[in-house]
Amino acid sequence: MSQNKFKKIVFFLLFILDSGISFGQIRSAELGINGLTCAQCSRSVELKLEKLAFIKKIDMDLQQTNAKIFFKDNMAVNFSSIAKAVRDAGFSVRFLNFQLDNKKINYGPDCFQVKADVFNLVGSFSMPKGNASTFQLVGKEFSGPKEWKQYDLKSKGNCKGKNNYFVKEKQEQ
Amino acid sequence: MKRYLFFFMMFPMQLFAQELFPLAEPASSIPKGTLGVKLYSETYKEVKQWRFQNGLRLSYGVTPKLSLFLTALSSNHHGDKMPEEFPFHNTPERGKFYPYKFNGFHLYGKYRVLSLDHQNEHFRMAAYAEAAKVKTTHHETEPDLEMGDNSGWGFGLITTLLKNKFAGSLTAGAILPSAYLGSSPDPISSMPDIPIRVYYGKAITYSLSFGYLLLPRKYESYDQGNLNFYLTFKGKYYDAAKVDIFVGMPNEYYLINDQYPKALQRNYFVDISPGIQYIVRSNLRIDFSTSFRCLGFSYAKLYPVYTLGVQRYFNW
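Here the protein sequences line up with chains A and B, keeping their order.
Each residue of the first sequence is one higher than the last, beginning at 1 in the working numbering.
Each residue of the second sequence is one higher than the last, beginning at 1 in the working numbering.
Hints were generated in silico from the structure; no laboratory data involved.
Derived PhoX-like pairs: lysine-lysine, alpha-carbon spacing no greater than 20 Å straight-line:
| # | chain 1 | residue 1 | chain 2 | residue 2 |
| --- | --- | --- | --- | --- |
| 1 | B | Lys262 | B | Lys96 |
| 2 | A | Lys168 | A | Lys146 |
| 3 | B | Lys133 | B | Lys101 |
| 4 | A | Lys168 | A | Lys149 |
| 5 | A | Lys84 | B | Lys65 |
| 6 | B | Lys65 | A | Lys140 |
Build out the structure end to end from the sequences listed, making use of the hints.
The following block contains the structure:
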């Protein structure tokens with residue numbers, strides 16, 4: 001290996017460490033699907049979700065029409081792709097919550113970043129204290145209009161990333 | 001009428017079901033990129049033989065809201081020529097032997113225009129358009145595109161409500177059949193065939209379907225068998241036919257409608273069709289239903305009419 005190539009690799013690794021990019025921050029998500037009433041319908045949603053490369057495993061609750069989604073390590077999670085998969089199957093997202101490893105996140109007053117994606121905070125937010133926090137995605141594609149129209153999303157979203165989402169902190173019950 | 005009441009009494013307050021109706025399309029669409037393959041047959045006994053009208057249907061989810069269906073149609077229901085002395089006598093021509101033949105194609109497109117989805121329920125509306133191109137001799141004024149009696153086109157609106165184990169769906173539409181130009185054998189065998197043009201009646205179509213999920217009582221896995229009961233009221237209101245005789249010849253003429261046989265006159269009917277459906281491993285769907293006279297009747301078939309369908313979806 002040439003000296004130049006070695007330097008490039010070292011710089012790249014330092015860049016990753018310095019930029020705060022970390023893997024495995026989003027552990028899992030819970031997806032509520034509207035309009036499902038049969039196993040055939042649920043199966044069609046699951047087949048669409050299985051095609052997403054970053055999804056490791058799906059546990060579908062046929063009775064509640066919810067899905068627990070587990071993500072692969074080291075892969076970026078695209079929540080818009082999850083919502084699109086549900087729409088492609090002919091249904092809509094009722095809610096989409098995800099669990100985050102707090103140790104690896106630097107929370108700002110308005111937003112936080114996971115890999116290249118930015119999550120803008122809406123609603124009340126208190127700095128997480130435990131190891132994990134749950135957030136609910138807010139927006140037209142992630143919930144019904146009653147849910148997201150209560151927030152003035154246009155005035156939010158000052159932080160920008162590759163994919164930009166709005167989230168609210170989900171209080172554990 | 002007693003037998004119809006029996007079905008209501010058998011399922012008191014339980015006109016519930018999935019929306020995969022054997023004899024009607026729901027407003028919901030096929031998942032994007034999913035291909036459905038369906039083989040179905042409608043059959044009834046006519047004098048000493050069984051008539052079959054068969055379809056091989058490919059359905060595809062083009063977008064999350066747009067579904068397309070293409071059906072190849074065959075039957076032993078149509079001859080090469082209209083009956084002798086058509087339209088004065090022998091209409092419909094009962095009991096005559098016709099060999100099986102490929103009739104043509106039926107194309108159907110459905111676009112979901114409204115979705116109000118909630119947990120375990122949805123209310124949806126869809127608009128549809130259909131067209132058929134077939135080569136058949138159809139003896140009655142009642143048009144039918146789906147089973148391939150007529151060429152022509154149609155359109156309509158579907159409204160489906162689904163809540164837990166119950167589904168109800170209302171479809172209202174119209175059929176605008178194309179004119180048919182053919183021939184009828186002259187009663188004098190030495191004479192050439194008589195050229196005939198038939199303008200079939202325009203029709204309003206309507207159906208009201210209900211269903212109920214019988215099994216499983218509780219969904220736990222995709223491997224569970226799925227048993228649904230359906231009840232469909234389906235019918236048409238259609239106009240009288242107009243038949244031109246000796247078309248293109250100096251003696252071309254037509255009779256006024258009220259001199260035609262009943263099968264060529266204005267009519268309406270509603271059939272009642274109980275059906276049962278079993279879905280294997282959330283994919284392979286087997287439907288069976290039987291249609292009886294409820295209000296008026298169709299001249300284009302004899303009752304009871306049995307319909308069997310097998311369908312499977314492929315995802316990639």
